[in-house]
Structure formats: C-alpha cells, structure tokens
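Peer 1: Here's the letter readout for the chains.
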Amino acid sequence: MNSGTGIYFDGVTSVRREAVVELTPAALKISGPDGHLWGEWPYNEIEELAAPDMLRLGRRGSPTLERLEIRDPAFAKEIDVLAIHVDRTGLLQRRQRMRVIGWTFAATASLVLVGWFGLPAIAARLAPVLPASVERKLGDAVDIQVRGMLDTGKGGAPFECGTAAAETAGRAALDKLMRRLEAAATLPIPLRTSVARRDEANAIALPGGHIYVFRGLIDKADNADQIAGAIAHEIGHVANRDGTKAILEGAGLSFLFGMLLGDFIGGGAVVLAAKNVLQSSYSREAEAAADTYGTELMNKAGGDGRALAVILEKTGGATEPGMKILMDHPETKARITSINRLAAARPSVPFLEAGEWAALKQICAGS
Amino acid sequence: MASFDASGIATSGGVRFLGQRQSYWRLLIRGAALLMVTLGIYRFWLVTDIRRFLWSNTEIAGEALEYSGTALELLLGFLIAIALLIPIYTAFFLAALDLALLGQLSGLIAFAALAVLGQYAIYRARRYRLTRTVYRGLRFHQKGSAWAYAFRAVAWWIVTVVTFGLAYPFQLASLERYKMKNTFYGDLAGRFEASGFVLLLRGLPMWLLFFAPLALAVRDFVGLDWQALLDALAQGGDDVMGKIEGGNPGLGSVVVFAMLMAGISITLGALLYPAFQTLILRWWSSGLRFDDLQVRSRLLMRHVYGAYARFAGYAGLFAVAMTIAGTAALLLTDALAGSDASGQIATTLVLLIGYVITALGISTIYRATVLFSLWQLGMESLQLSGVSALEKVKASGRPSSAFGEGLADALNVGSY
Chain P
0 MNSGTGIYFD GVTSVRREAV VELTPAALKI SGPDGHLWGE WPYNEIEELA APDMLRLGRR
60 GSPTLERLEI RDPAFAKEID VLAIHVDRTG LLQRRQRMRV IGWTFAATAS LVLVGWFGLP
120 AIAARLAPVL PASVERKLGD AVDIQVRGML DTGKGGAPFE CGTAAAETAG RAALDKLMRR
180 LEAAATLPIP LRTSVARRDE ANAIALPGGH IYVFRGLIDK ADNADQIAGA IAHEIGHVAN
240 RDGTKAILEG AGLSFLFGML LGDFIGGGAV VLAAKNVLQS SYSREAEAAA DTYGTELMNK
300 AGGDGRALAV ILEKTGGATE PGMKILMDHP ETKARITSIN RLAAARPSVP FLEAGEWAAL
360 KQICAGS
Chain D
0 MASFDASGIA TSGGVRFLGQ RQSYWRLLIR GAALLMVTLG IYRFWLVTDI RRFLWSNTEI
60 AGEALEYSGT ALELLLGFLI AIALLIPIYT AFFLAALDLA LLGQLSGLIA FAALAVLGQY
120 AIYRARRYRL TRTVYRGLRF HQKGSAWAYA FRAVAWWIVT VVTFGLAYPF QLASLERYKM
180 KNTFYGDLAG RFEASGFVLL LRGLPMWLLF FAPLALAVRD FVGLDWQALL DALAQGGDDV
240 MGKIEGGNPG LGSVVVFAML MAGISITLGA LLYPAFQTLI LRWWSSGLRF DDLQVRSRLL
300 MRHVYGAYAR FAGYAGLFAV AMTIAGTAAL LLTDALAGSD ASGQIATTLV LLIGYVITAL
360 GISTIYRATV LFSLWQLGME SLQLSGVSAL EKVKASGRPS SAFGEGLADA LNVGSY
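Chains P and D are the protein sequences, given in the same order.
0 is the number of the first residue of the first sequence in numbering that gives the first Met the number 0; add one for each residue after it.
0 is the number of the first residue of the second sequence in numbering that gives the first Met the number 0; add one for each residue after it.
Simulated from the structure, these hints should not be mistaken for lab results.
For clarity, every value in this text was computed on a predicted model and none was experimentally measured.
It cannot be assumed that every hint is accurate.
[What the hints assert, rightly or not] Here are some, though not all, of the chain D residues that point toward chain P, as calculated from beta-carbon distances under 7 Å:
1) L17
2) L38
3) W44
4) R51
5) S55
6) A63
7) E65
8) T132
9) V133
10) L137
11) F210
12) L389
13) A394
14) R397
[Stated by the list, open to error] Calculated Cβ distances over 10 Å to all of chain P for the following chain D residues:
15) G18
16) A114
17) V153
18) S264
19) A274
20) R288
21) T326
Beta carbons: idealized from backbone N, C-alpha and C, even for Gly.
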C-alpha cells in the first residue's frame, strides 16, 4: 500500500479537505479527489505534531501551517518509516529530551559553582575597591534595618546605652578601650562603637565601621579584655569588609538563584534551599578570618588574646537564630583551639582598671 | 470520573477533551523531579509539555487544537526579559541606598512600576500563547497595545480594592472585552459579550457572606475608645497591654470576636471559592464570541467541588506520607550525624529538602486535580453554536516573540 487518505488543511484557509496521500520514493504527495496536486513534501521535511488518536503532520520551515492528518494506523506507520523526523515510538523525542536534561544539569552545576566560588571571589575583589562613602551609605541603610529588627523600644529607653547621666562613666570606659584597639588596628575608616540594649550575648559589625556590642555580652564577660577580644573580632569583620561582602554576595545570590531561575510551582523553595546552604558556607570562612584578625589585634594592642577564646566559650551555646552574629557557628571548639594557638604567651596589660570595668558593666544602667 | 465521559461521540458543535489523567500525572511528576534537581531551569520544557498535552487533547468541532510553541522560545524570551530587568533592578537597588526622599520611596515606586510591568507581561504572554495556538492549520493572534492594557488593568485593580471587590465583575468584563476584541482566529475577529452587572448580581450573595462577619467585627472596633488606646500605646512601658486593657475594658472581647469573625470569613471564603470559580468560568465562557460562533457553558458546581475534594484527599495523604518520611529522616540523621556541628547542618538540609518536596508535591497535586479538572470540565461543558463560522476562515497574523512569557516568568505572574 503506497497510498491512503487523510485530512488536509492548506494553512491558508480553515477548509477541511479530504485528501489522497501518495507515498512516492522521494516525497509524500497530497492531492484532491479530482487528482489536483495540493502539496509535495520531501520526507526529510515532514514533522510530527502532537494530536490524539492520529498522526498529525506538518512541514518544517513552511511559512504556512499546512497540516495533514492520517487516521489509519497502518498507513501512519508507513509514513513513520519513510519520514526521518517522524518517530511514533517516541525514541527520537526521548533522546532529544535526555539531551535537554543533560544540559540543564550542566547549567545547574555551573550555577552552583558560580555561587560557591565565583560570587565570593567577585565580592572579595569588589568590596575593597568600593569607596568608603559608598560603604558608609550601605552601612547606614543596614543600620536602619538592624535597628528596625532589634530596637523593640521596650521600657522607653534609647536603643544605644551610654547616653543617660548614670551611663557616662561606662561610655568613657568603652571609649578608652576603643582608643587602644583603634590605635593598634590603624583602619582607614573611623569606627563607631555602641552598646545596644539587648539581652543576647552578642556583637555585630555593619558595613562602614559601625559595631554594636549587646548588653548581654557585657553581663556575661568577666573582664574588659574579653569584651575587647569580642570587639577585636568585630573589627576583623570591618577590616575584612565582611558586611559589604555579605551584602554583595546576598544580592548576587538573590539574583542568581532568584531571578535567573525564576519561580515555577515551588521553584522558589529550591532557590531558598540553595541560597541558605551557600550563604552559611560564606560566613563560616569569614568568622575564622575574623578570629585570626581579632587575636592578632589583641596581641598587637598588648591585651590578652586568649580572652576572645574565653568569651567565645562562655557564649558558645547561647545563640539567636536568624541573626548574623559573633557566636553563631558550630565549630566553637575548633575556633577556640586556633585562637589559643595564635594568642601571644607574654603577660598582657588589662584594657581597663577595675573601676572602669565596673563602670562599663553599668553602661546600660540609666533606666 | 465516569460522569464526564471522555470517549463520548463528538457532536458537530461540541468540545471534547481526550487527555488521560494518568498520562498527565506522569508528565507532572517527572517534571517536578526534574525541576527540583535543575533548580527550576526545566520549567520551560515542563510548561511546554503541559500546554502541548492540554491543547492537543482538546477537540473543537471534531478537530484537535495544537500548541506549536517550543521550550527554547520560552528560554530565549526569559533571557531577553532578564536583560531588560537587570538595569531596572540595579537602579532600584542603588536608589534604595540613597537615604533621600527618592530612596525612601523607592520601594513604593518599584512596586508600582512592577505592577504595571506585570500586567504588560500578562498581555504579551497571552499574545505568545495565542499565536502558538493552531486550529485547522491556522493560528490565532492578538492585536492591541500591551501598555494600554497594563494601565487599564492597574487602574481597575485600584478601583476593585477600594470598593472591596464590588467592582471586580466590571473589571473582569472590561479587561476581557479589551482582550477579546483584539483576539483573532485567522481573520475571524473575537469579542466578549458577558455583562459585568450580571456577574455582580450572581456573585453578590457570596460577597455578602464573605464580608458580613468582617463588617460586624469592624463595627465593634469603631465603638472602642480610640483616644485611650492611642495614649496607652504612646506611653509604652513594660505593661502596655495592661494599660490598654485598663482604658478599654471591652477590648479583649472585641479582639476575640474579631478573630472569630475573621476565622468565619476565611472559612466561608475557602468553602465558597469553588462556587466562585464555577460562577466566573461559566460567565466568562458564555461571553466568548467569534463572529457568528457563540459559546455557552453548562459547567456544574458539584463537579468543581468534586475536583477540590479530590485535591484535598490527595494533599492530605501526601502530607501524612511526608510527615512520616520526614520524621524518619530526621531521626536517622540524628542517629548518624549526632548533635554536633555537622549534625545541625545535616538536619537543616533534611528540613530544606523536605520543604522543597512538599511545596513541589502540593503544587503537582493541585495541577493534576484542580487545574486538570477545570480544564477538562470547562472545555467539555461548552456548547457551541454557529460553528459554520469556523469553516471559511483565512490565515492572518504572525507568530510573536516569547518576551512577554519571559517577563511574566521573571516577575512571577506567569500562567500555563
């Protein structure tokens, strides 16, 4: 059998035509019942289109959408054999689909690699060349956010301690401590350090040199060197521009996994998962670097480098989820060991006299 | 399922849907798995598969529709959209850093700009889908200005929100009129003839049921002593709640009543939603016209409720299975990795993967139950008259780019 019947649409009008289909060696010929030739399709130009219970054919590269529908399964099979791009077993389509899956896998792997290695590298190169004024603006914007999150306004006292009359002595002690640290650190930008009225034992550094020490940390510390150690660690974040890097990385990740990958039934959840895993890997490295910097700064300032390890150990368990903070990492033991290794063994000069330390302890006593 | 006979005989003016639910499930489940491991990149292929399945299994007056779009077109459209959005997003990011007035307002401006852009994308995406819809060897196409549509749509949304949804029927009618008068099958022009007022009358009982409890709660709130309340809030201090209570002895019961009423309202809304959807779908279908071709929908409410019941059933089973599997996985991680640092990371990972599977699973179930049924029921309930208008149509219109689809995708306003 090398001829059969079909339904033909010429792609110019919607008229449904009964057609005679003839399979010649070179091409499939479509003609009307009167023998008038409607079309001649070379076998390599025939493509199959999805349709239920029939074989629907079109012509590749044709400017019109002419269609031929074959409803006789036996005849459809004959066409299938002759036309290379028609494959009713679906093997061709499966092979094509496997290629798509392979390439999307490759694209995913490449995106994850960019996220893992590329983004931190870009952020690390970009952050140091950012002008101080831009970093300061960035820090001010973050400051508004941080205050919005942390400043509960409870009790009506200001968020920052050290302003009330009963607190000025504490503020002076903090300033003395900071002068010694800053002199040793010799940073290109001035630091702004304040104690925040929060109960958590924590400290945070924002881009542009703003450091918040939480009251809870001062309550927990045994001496001024421990506070100095924690602040030295935060100065490490400032010196390494970690806050700025984190913002750049966050923006890059949001872009890479959020917008580029878009959202489709729950795709957002995948994005969230990938972002979380990547972001936690960035911060771990930054913490280790800040520990090293902090310990060396304490050595340089003539303080007790091991004090950072002590305060770390004291607060290691008390963490607040969802905040980017000093003690938020699980490898506390490993960190303590490496800090103690770096800390100078020579005797140190305490950062504050006993009276000054007592005043610092009262820096939030104003209300 | 037996009641919606898919193997029935096609009447000359009828619409049949021939798709097997089982094949659709297979397609969706495989797609969800691939979406997960490709972080969503596979969506262009999945969405194309879904459309090809739905279109090609829909038979109108004896001829099946055809979807001629390809995944690569969608991917390209998306990349173009990204190229356009990067500078816009960068500008907003930089503006947000600025502490001046512009910076303060940048969030608001971004929201407004993206709302208009989203509607623009919706119209352009519809154009793409129409020009990839082929019937009897001719494509559909859409004229009209996407910007004109976008501003019209955003203006209507504002009116609808301000009127607590009472303007919604008129919004639908107006926007649908614009879309349909610019829709063509070949040279056959479409139009939309359903009236917003009719929809308002039919939907009013539902609107009242939904808003009545809320109105009662609001009435009680208005009766409160607001001055005392504000004073207490302004004073602050440790015992704000106590002071508020002191100034307003009735506040507690008013809040409890409001929460109760909100709960009733939300429950009613959820229960009425399938009925609302049926109403809209029937009203909308019955308003579609192409020259002499008229459409009438006889969609039955109980069938739509059936689809939602099936969704609830499958989703419930899935939730139980996920809870069991998740608990087992967490116990296992705990036993293997311990409670130290690596254990915490492993636990987080297990939770994240569980969340991803749950989100993808629920949306897959929703597509295979509710969306599949709505398509099937919506199509099979149609009765066409004046089908002869379809016989002598001439080809017209060119295929449009998938830019609109890409933009809709990037802005998360896409559909299938």
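Peer 1: Does each hint fit the structure? Answer for all of them.
Peer 2: Hints versus structure:
Taking 7 Å as the C-beta contact cut-off toward chain P, the hint placing L17 of chain D at the interface holds, the least distance being around 4 Å. Annotation: L38 of chain D was flagged as interfacial toward chain P, and the flag holds, the nearest CB pair being 5 Å apart, inside 7 Å. Hint on W44 of chain D holds. Least Cβ distance to chain P is approximately 6 Å, under the 7 Å limit. Because the smallest distance between the Cβ of R51 of chain D and any Cβ of chain P comes to about 5 Å, under 7 Å, the interface hint for this residue holds.
Taking 7 Å as the C-beta contact cut-off toward chain P, the hint placing S55 of chain D at the interface holds, the least distance being around 4 Å. Residue-level restraint check for A63 of chain D holds (minimum Cβ-Cβ distance to chain P is 5 Å; threshold 7 Å). With a cut of 7 Å, the hint placing E65 of chain D at the interface with chain P holds, because the nearest CB-to-CB distance is about 6 Å. Against a cut-off of 7 Å between C-beta atoms, the interface hint on T132 of chain D is violated, since the closest Cβ of chain P lies about 11 Å away.
At a threshold of 7 Å, the smallest CB-CB gap from V133 of chain D to chain P is about 5 Å, leaving the interface hint in force. At about 5 Å, the closest approach between the beta carbon of L137 of chain D and any beta carbon in chain P falls short of 7 Å, and the interface hint on this residue holds. The beta carbon of F210 of chain D is not positioned within 7 Å of any beta carbon in chain P (closest approach about 31 Å), and the interface hint is therefore violated. Taking 7 Å as the C-beta contact cut-off toward chain P, the hint placing L389 of chain D at the interface holds, the least distance being around 6 Å.
The criterion of a C-beta within 7 Å of any C-beta in chain P is met by A394 of chain D, whose closest approach is roughly 5 Å, and the hint holds. Checking R397 of chain D against chain P: minimum C-beta separation of about 10 Å lies over 7 Å; hint violated. Non-interface status of G18 of chain D relative to chain P is broken: a Cβ of that chain comes within 10 Å, the nearest being about 8 Å off. With 10 Å as the threshold on Cβ separation, the claim that A114 of chain D sits away from chain P holds: the shortest Cβ distance comes to roughly 17 Å.
No beta-carbon of chain P is positioned within 10 Å of the beta-carbon of V153 of chain D; the least distance is around 21 Å. For S264 of chain D, the shortest C-beta to C-beta distance to chain P comes to about 28 Å, beyond the 10 Å cut-off, and the non-interface label holds. Consistency note on A274 of chain D: stated as away from chain P, and its beta-carbon is indeed over 10 Å from all of that chain's, at 25 Å minimum. Once the 10 Å rule is applied to beta carbons, R288 of chain D is consistent with being away from chain P; the minimum gap is 17 Å.
Taking the minimum C-beta to C-beta distance to chain P, about 19 Å, the non-interface status of T326 of chain D holds against the 10 Å cut.
Checked against the numbered hints listed earlier, the structure breaks hints 8, 11, 14, 15; every other hint is satisfied.
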